[in-house]
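Student: Protein chains in written order, with UniProt numbering: chain A, 1 to 261; chain B, 1 to 261; chain C, 1 to 261; chain D, 1 to 261; chain E, 1 to 261; chain F, 1 to 261.
Just so you know, the hints here were simulated from the structure itself, not pulled from any lab data. One or more of the hints may lead you astray.
Said to hold, decoys possible - DSS-like mimics (lysine-lysine), calculated; alpha carbons at most 25 Å apart, straight line:
#: 1; chain 1: A; residue 1: LYS227; chain 2: E; residue 2: LYS193
#: 2; chain 1: E; residue 1: LYS193; chain 2: A; residue 2: LYS193
#: 3; chain 1: B; residue 1: LYS193; chain 2: C; residue 2: LYS227
#: 4; chain 1: B; residue 1: LYS227; chain 2: C; residue 2: LYS193
Protein chains: 6
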Amino acid sequence: MRIVVTNCNTTREMTEDIVRGARGAAGPDTAVTGLTPAWGPESAEGWLDSYLSAAAVLDALRTYAGPPYDAVVLAGFGEHGREGVRELVDVPVVDITEAAAHLACLLGRRYGVVTTLDRSRGQIEDSLETAGVARNCAAVVGTGLGVLDLAADPARTETAFLAAAERARDAGAEVLILGCAGMTGLERTVARKLGMPVVDGVGAAVKLAESLVALGLTTSRAGGYAKPLPKHRVWGQRAAPPDAPGTPGVREVPVPQGRQS
Amino acid sequence: MRIVVTNCNTTREMTEDIVRGARGAAGPDTAVTGLTPAWGPESAEGWLDSYLSAAAVLDALRTYAGPPYDAVVLAGFGEHGREGVRELVDVPVVDITEAAAHLACLLGRRYGVVTTLDRSRGQIEDSLETAGVARNCAAVVGTGLGVLDLAADPARTETAFLAAAERARDAGAEVLILGCAGMTGLERTVARKLGMPVVDGVGAAVKLAESLVALGLTTSRAGGYAKPLPKHRVWGQRAAPPDAPGTPGVREVPVPQGRQS
Amino acid sequence: MRIVVTNCNTTREMTEDIVRGARGAAGPDTAVTGLTPAWGPESAEGWLDSYLSAAAVLDALRTYAGPPYDAVVLAGFGEHGREGVRELVDVPVVDITEAAAHLACLLGRRYGVVTTLDRSRGQIEDSLETAGVARNCAAVVGTGLGVLDLAADPARTETAFLAAAERARDAGAEVLILGCAGMTGLERTVARKLGMPVVDGVGAAVKLAESLVALGLTTSRAGGYAKPLPKHRVWGQRAAPPDAPGTPGVREVPVPQGRQS
Amino acid sequence: MRIVVTNCNTTREMTEDIVRGARGAAGPDTAVTGLTPAWGPESAEGWLDSYLSAAAVLDALRTYAGPPYDAVVLAGFGEHGREGVRELVDVPVVDITEAAAHLACLLGRRYGVVTTLDRSRGQIEDSLETAGVARNCAAVVGTGLGVLDLAADPARTETAFLAAAERARDAGAEVLILGCAGMTGLERTVARKLGMPVVDGVGAAVKLAESLVALGLTTSRAGGYAKPLPKHRVWGQRAAPPDAPGTPGVREVPVPQGRQS
Amino acid sequence: MRIVVTNCNTTREMTEDIVRGARGAAGPDTAVTGLTPAWGPESAEGWLDSYLSAAAVLDALRTYAGPPYDAVVLAGFGEHGREGVRELVDVPVVDITEAAAHLACLLGRRYGVVTTLDRSRGQIEDSLETAGVARNCAAVVGTGLGVLDLAADPARTETAFLAAAERARDAGAEVLILGCAGMTGLERTVARKLGMPVVDGVGAAVKLAESLVALGLTTSRAGGYAKPLPKHRVWGQRAAPPDAPGTPGVREVPVPQGRQS
Amino acid sequence: MRIVVTNCNTTREMTEDIVRGARGAAGPDTAVTGLTPAWGPESAEGWLDSYLSAAAVLDALRTYAGPPYDAVVLAGFGEHGREGVRELVDVPVVDITEAAAHLACLLGRRYGVVTTLDRSRGQIEDSLETAGVARNCAAVVGTGLGVLDLAADPARTETAFLAAAERARDAGAEVLILGCAGMTGLERTVARKLGMPVVDGVGAAVKLAESLVALGLTTSRAGGYAKPLPKHRVWGQRAAPPDAPGTPGVREVPVPQGRQS
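Using the sequences and the accompanying hints, generate a full structural model.
Tutor: Below, the structure written as structure tokens:
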């Protein structure tokens, strides 16, 4: 079977890392295709990024022209779009946020999530809640590291992860979840050091996607995830200026001309 | 003060209707500016539409070049994007979904929402939950009418609304909410016929936005709604083909080449 | 329009302070009338006071003989009576507890309440819960100051508020609420020092009351808030001795002749 | 031991019925003293009545001059005041609403409440929620009969109870609760006809009060139920006119001169 | 890898059916070993049966002497024991109740469970709640058929299932779960007739077990599922008489000599 | 009346202690009979022990041959089996876990449980949740002492209890519960030292059982607690080897031959 794994941002190196992680988890008969959105944020760190990413991922799947596939894995931890992709495609869709939580529930009474910036905690909490698996979540804890900082200094990342993990454990977590696709691979070393199972969402989602395909199950059309209605939709403005930090003439932080608080 | 009211879809007639409703509710010193996204769906009816709309609304506000404004009203009932706009702009942001619920909670012990298609119920439920006002929601009920059908036959719309309202009342609702920006104006006739208060989200959001501005309050930056980080973001693919129903050569319903269930 | 703002206790100085705060928030066309109950506690600090206050406020509104009014604001933070007043009067009723929470939900993902004595926390929690807005409340924290101590030493009040606010922030609050009508006015200085929005319930309730009146909305009679049934009711005992501390012949703390634990 | 059982209204016949029920449940060494408030509503049917009743019951206990007692039973189903009485007296306090629910939880997985008017349902739901026993409540159902109608036609009361009980059973109730002190005595006949246990709150509260006294337990002072602070309190207006239906010159339904909806 | 699939009752034909279902779902490299408890009930239909079964399943695994295994699947829908097995063995443990719910959450917003007797609904609800996946459960519905009746008349079973499924759908279910291991195999025909995905817990649990093993994950020892303490335990009374229906000299229904209600 | 009090383990000294505590709480007309299971764990400390204990307690009651009884008290704090015993016997059944929580809810707004080992916290939380009384539980805290250590060194037990109680109080508890039947008797000294009511589950359950009997109430058969169906059940394997620590030839800790993590 073939699984398309979508990155939620436009950074191709991160897609490659994610695909590597996905292939490490996939069964011998599973091919993994990585998909990088043609537009969107270079990393998703906050609500604005997340909504931009959701539309870009939907567009990437809508215009996908590669070989047929059997399932989609959405590799943005805490990012939006999950339910829209379920409407769009006819194959099972598994988001790494929910996937990690589903498996974590099988391994202990309470789980914790260790993520990047504190600002991402709210999105993750909401994503777990609407996915129906928040009940046993003891804590979502930030490491203070940005998405693109994770790979820069692996030792610092591991140290920050272990410190955040202790806080999650104090809050009652018996199992930990890597709260960013960019942390894939870290689970092995930290699990040993912590003496606790650590779940990587990318691997979890690949196995759940394989499971659904093997069982012949796919998204229900009877209710909320019916197919999108046929209608006129335009996917992005042709001439919209990009955001780019530090580029002359381009606003670094978009601020409208409203009242300043 | 000036309030920018964003439509969540690209249908300009609907923006005009919404602006008319907003002006009807606005105080004498409030100017209302309508904003129609330059891209996105012609109507938002489902998760895919909602995520597409969220990015388009963010882009419209990001590139907004009109007169300064003091608050934003998001006029998509149950649609995504609320938290992203809170990050983006420095002025108060009020979504019509939450606004209607906040006022409804002041008018009765339980409220009900009457919306368009049944498929939109899930989004509305999730939006109320994460906004923190779902506790007193007795039911979200669909009328079976699409967004663009509402204006076509007002008598049919009213009949369908009244029938759905009875179901909400049976579930315990003491107050009703118009579950679509396109229903604005209907509240007066149906309230009389039902003998119950009926809250229009557009009017509710305008009054809440005016209230926050008058009190000098705006979104907290201390936590989840910090400003977006400066980074490279691309807002839509330059050459992405639009979805258009019935147009030769364009897919009516986007289906990837995956497995068919 | 005219709004009647009811103090929950018999201390007229406090009514005047509250009216001053309400007038500061009210629009140019809004007249504010203060109403002090003719009986009840001199300050409400606990459940017994709160229930005594509720009946006294209802009696004050029942026997009100001033100019016609368009809305009622109940200015007892966490105090009882809200639903009874909704039954009694035909105009919108807004309680400052719920009002502050409704606006706070629009400004951040989680809010905190800073109140007077720790003993009041339970009432506030219950009031937010039944009003339907407790979901996003991160914490209710006491300052240790009594209601009538607040005005005595403004510097001490501010210091105590800031210390309690830190505890609320640690619990996840991104927005703060002044948890006593007697704190009105404090919001401006502490908001600046904390770098967070601070909501005063009196101002919030005035704006919500104005909003409901402007939209032509009032309490639903279809359900729990139907009009009181006509029946015989006696409002207070003619010859009941008051509680008064330190007065010879009057019990300071009412204790029946039951078993002492 | 002696238990004071307080009626929540001023109708002495109802106090006598309640005392009779309480004595039927009390152990051989328990004396039961009935207490009728000197003021308040003739029956409590709604929020206004409930808050008026709460203050009147507190006043009755505050000025109680009878023999010493060991516990208080509050015999108003769904009525307010419970927490205030816990502050006031040093002996255990049991409210018949919570008492019935506590015992019902021991008899089946879900319980239902059958009460008088539909308008009382909200108060009962809130009372169970804040008492901490709402989780297993399947439904609160009204019979449509007023408090003072219950005794008028026992056959009609039983028929209405059985019809409402069926609705509670359909909602999942395995145990029923008599939702009004005035129904005391009905439990035996309806339990047989329904084939389900039926709990009377008055009897339940007497047994729970006896249990607490026997175990030497009373209300915690460490937290929310600390003793009322010594302060000036006035219990009712000396010259307030009573409400009386049909009496010339007295308003049947109290309506202030505000806007009419 | 090898998975041990435990039947929760002593009926070997049912073990064989379950093993057949498990093998149908298992990957090519997975061996499935069935395990029938040496004692316990012939079918588990109620709380007493469930607790008896839990101890018997634990004993069967404790004294298991077959080939080494990599995971355990507990094939009693809604039955107890899950957490005890997690303490006992060092390999991943997946219960079919939670497994079906985890996969169902990926396929629709709300799922429903169709089970055997109505009396089993409570156990299933509690099992889903404590497993952390009850939030999206719309309904648990009984078919009225006993466990051992399921295989007797497949046409009747299918008819009863479809009727119960309609009730679950009316309650909001978009996905269905087979609520008994003895229904394994039914999912294919009913899914087609209902136009909804139907999840079989046995297949779901096998895939989740394979997933955990493949990812190198097993139960956390850091907290609630620490290893059982070494101590003296006796597993069943040597001379306890069995329950056997219709056997002379053996009580059909065990009733102690207490009060008869 | 006669109450059978079942120990959840096979340690007869502990049964005697529990019976002593039960007799101390029982009324003058109540006889207490202790019942020690003929098999099961010597102490219940974890999920495996708890499920083993549940079956053994059911078997003990099923084969009970003593004098007729009127109620059953289950004296295992946080242990399983409650619902099965409700199916089995025709008299009221009260578990000490729920009993303590029911009474604690009457004494303060939030209660805390102080138990033995931290590993037992999960079972207690689940037991309170499914009993319907978890809402007001502020914390479940472990002392670090095993069940059989409690009696060994009373001074150490008291010290550990007081330390854990402080943590519960910090979490908001206003009332404490002894979280193990083996702590019976401790409530008096610690209540004095803590200045808070402390509830012993054994005494609480005895009083609740007496209450139900006096009111003529017993378990509902209309729903989840219907009588067990007549069928073949075998209660324990005739030749199963016991677990015994340190005994040559017997495994100290039962571990199957699966994968070692």
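Student: Compare the structure with each hint and give your call.
Tutor: Now for the hints, and whether the structure bears them out:
no. : hint                : in the structure
1   : A:LYS227 - E:LYS193 : holds (20 Å)
2   : E:LYS193 - A:LYS193 : violated (51 Å)
3   : B:LYS193 - C:LYS227 : holds (20 Å)
4   : B:LYS227 - C:LYS193 : holds (20 Å)
In terms of the numbered hints stated before, the structure departs from hint 2 and from no other.
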